[in-house]
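There are 2 protein chains.
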Amino acid sequence: MNEILDHRLRSAWTPEAGNAAPLPPHAVSWLTRRIGPLSPSVPAAEPAFTVPPSGLPTAAHAALAEVVGSDHVLDGESERLGRAGGLSYLDLLRRRHPGDLAVPDAVVVPGDPDEVQRVVDVCSAHDIAVVPFGGGTSVVGGVAALRGGKPAVIALDLERLDRLVSVDATSRLAVFQAGVTGPEAQRRLAAHGFTLGHVPQSFERATLGGFAATRSAGQASAGYGRFEDMVQGVRLATPAGPWRLGVAPASAAGPDLRALAVGSEGTLGVITEVTVRVRPLPEREHYEGFVLKGWRHAVALVRMLAQNGLSADVTRVSDVDETAVSLALKGGLATKALRGYLTARGVHEPCLLILGWHGHAPQRARARKLLKGAGAVSLGKAPGQAWRKGRFAGPRQRDALLDLGVCVETLETATHWSRIGELYDSVRAALRGALDRPLVMCHISHTYETGASLYFTVLAARDPHDPFGQWERAKRAASEAISEGGRGTISHHHAVGVDHAPYLPAEIGDVGMAVLAAAKRAADPKGILNPGKLGLPDTEDGADEPR
Amino acid sequence: MNEILDHRLRSAWTPEAGNAAPLPPHAVSWLTRRIGPLSPSVPAAEPAFTVPPSGLPTAAHAALAEVVGSDHVLDGESERLGRAGGLSYLDLLRRRHPGDLAVPDAVVVPGDPDEVQRVVDVCSAHDIAVVPFGGGTSVVGGVAALRGGKPAVIALDLERLDRLVSVDATSRLAVFQAGVTGPEAQRRLAAHGFTLGHVPQSFERATLGGFAATRSAGQASAGYGRFEDMVQGVRLATPAGPWRLGVAPASAAGPDLRALAVGSEGTLGVITEVTVRVRPLPEREHYEGFVLKGWRHAVALVRMLAQNGLSADVTRVSDVDETAVSLALKGGLATKALRGYLTARGVHEPCLLILGWHGHAPQRARARKLLKGAGAVSLGKAPGQAWRKGRFAGPRQRDALLDLGVCVETLETATHWSRIGELYDSVRAALRGALDRPLVMCHISHTYETGASLYFTVLAARDPHDPFGQWERAKRAASEAISEGGRGTISHHHAVGVDHAPYLPAEIGDVGMAVLAAAKRAADPKGILNPGKLGLPDTEDGADEPR
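Note that the protein sequences, when read in sequence, are chains F and Y.
Per our numbering, the first sequence starts with residue 1, numbered consecutively.
Per our numbering, the second sequence starts with residue 548, numbered consecutively.
Everything labelled a hint here was simulated from the structure, so no lab data went into it.
Just so it is clear, the structure is predicted and the values come from calculations on it, not from any experiment.
Please note: incorrect hints may appear among the correct ones.
Stated by the list, open to error - To be clear about the criterion: a stretch of chain Y counts as covered by chain F if any three or more of its residues have a C-beta under 8 Å from a C-beta of chain F, and this derived list gives those stretches:
{"no.": "1", "stretch": "709-719"}
{"no.": "2", "stretch": "752-766"}
{"no.": "3", "stretch": "919-933"}
{"no.": "4", "stretch": "958-964"}
{"no.": "5", "stretch": "998-1009"}
Virtual Cβ for every residue (Gly too), placed ideally from N, Cα, C.
The shape of chain F in the complex, shown without the other chains (with noise of 0.2 Å):
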């Protein structure tokens, strides 16, 4: 097996050395009196798993052979398994608890963007679904290995589409291909004096086709933007034919369709290259943190600096009980000497914000005079320091949460400033009435003009009787509750995937949901690509022609 998909692949599946990031014995013993009791369990061994044997035709694999090589149609079990879904919660449990986990029928790694379009093209002639592959990092089923009803399907594993195509400096621009990860765009960005300032959790190990694919939106939004806001030009692979968008930095040749190329979930095509804006590298970077005094408080300063032009680069003000959390679980004499000097200076509903500037320096200081002058506790660089070594840890210490037996996830929304108020409350609500003493914590990490993000984390002691139904059950309360009335997107960045599906339509209407089909019928005549994303139709026979 290729060592590289093996290293991946290994990585995917169990928490290795390194990358499970045990709990201290006071953070066990705090969460365990906050939920509940745990019941511990650890992740079943990969041979506990049934794989059904590929269901790829011979004639079909034959053909695949032949444009990427027969060493890149992989259809050993652990190479299917390694591509068998993304990273949430649900997809983690599958994995813990072995039951019907759709397995791809092979991994077919195609070497670049043409031996992509000629791998949809054999797809399409011999009718096999193609789910595209980048990190695999999904939290909301969006590689799953669905069949659309198709007999067979692959996993199409971008990871050999692994070249900075083109720098442009004056122009600002960068050309990648879909399978660069995160670390490996900077690192190639930095020998040109250039950075993407595109900072997801899912950065370690996330690609650039999956960020625009996607619409993801990195930690550092508020100063560099949403991935969407650096994509200038994109290249895709459809069964109707190559598909390359953006000559211009902005244009009014009818509607931006780069806006739904971005965003399609490897429904309307394989994304192949990106065009990307790139920004010098910043000469200095500059993290510290805030106490703010409640939540509502916290809410109306980062509006403040939104505003009024002073987000810093990375804007991040966790609520009272994430606030609280990060303390416990933190723990020590330092965090009780803050907590003395919290209440002496009157705060007593601390709310954390971490600032980080990436240059800027004229806008922080007039930030940290607005901020003193409405009540900020400053806390110095040592908070802004500490978010900024973990800020990847998450997913590690979902690993460690798990093996305790926790029902751990987090979802996201946003919504207009003069709503997020109702929206925090409504999904705080939702999930406390869905789960047995949760802990419910949330932060701000996105900040417009007109709105924000909301992001949740939610922790509770798992059910060792009905793991998947507690989640579930909870997930739709809090879709539910975003949805309800249009308080909030059902998705900021995480995406539709499977998961938030259903949510769809109440967001974008009857009228969206039959244009998305038809440009779906357009580009994907035969239904192939990703089937089961986005809730789109799976066949050709018309039931999803416009009600």
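Based on the hints, put chain Y in the right spot on chain F.
Frame of chain F; chain Y shown alone:
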């Protein structure tokens, strides 16, 4: 006839008092020396046109009258002529050289978004084509009253959709009905302390619905963004039913369908409401002028401003020819003195830069420092104020130039910074090759981190024997120069309409055209909406299947 409509009709039709701005004698003689002898012409009087009788079937007329009231179904000749096309040079020529002018069979003027939906429903049931009509300022044939194979076509005039529906000061959002004009929007927002900041040259007459439908960009786009950046939500009436989009400032809930509705030019639905991001009225506006040394240097400087976050809200730089023409047309002693001053300062190829700051004093100080360090000569406030005062006068000056026998038109494009020079040279060469002794001027008025727009103004002695063919050939040459090899976008902010349709496939690809056509079939199955625009197929016969 409705008094307001009558007023607009006349102002669209003839250069009324205060509308035409005759050129001073020295300007006329300078122009004649420069582009050659002219053959003056005057507008044809209205009776010179033979308007065919309305072909609107009686049943459809009755059904429409039932929705909007019989007073709002207008089928008089002058009302219909008033919505026969927009304001391109060819549109204006057609009114001076009567020929095959496409005239709508009736003008229907609904009173609110629900009535628009019902009008669309009636037209769908009766198979009548619908051309949405806002300010009627399209310069690309976007409101041409084409039938698209239907027995009749109506102009759906949105003038009565003139309400500011709501203001959300916390979220900085305003909901407007689609027929509100630029000045009205500004006036109503100012009462709440806000501004939209969208001031295209069509500002005085164009509507918010039109801005959205065409992806308009205003003169202050460097500061306030393009209109599509302001649009947070949109409401449309489509034959497939009502359609609303936009619940959050940002989302990852599938592709951003707002970007499909915006720029759809009435082909997918009639925009009836737009939710826009607004900003506080600036405390202070400061317009100023600089002279830069030559075009290449000028381009490099506005690029540096854009890439360092120092673009003024209005950032506009003219090339050597445009700068020379504005000095020549102005004339007088002050101009002579300026020339002397510039020569003394070593500026032999002056390029005029206008910066308009709406607040942003710190950025202004840094930009001034950067410009002065690069040898820019400050001209102080006067040129900035003069530009600001005359910035909507272009269309009126054009009427005067037409009277003089001048062929006068503008065209625009955009590309990335590294290709600006090539695009500029190619378009100028194409126009000079296609016209005899033309005056070709250019400016950059929209800058981005990765590129900029180029806006060309062309003057030539009108060919009295073939005025249409003369411009059609020049436009084709310029469009091919833009389109070839993806040098630039076929339109940065004028949209596609009829005139740019032949160049759209090269820009968005066959797959893009197929996707657009499919989206149209879903939203508008009978193809009644704005036939012939965007180059979308008219009929339902499947000739538009993916190639």
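- prompt: What are the numbers of the hints the structure violates, in ascending order?
  reply: Violated hint: only 3; rest satisfied.
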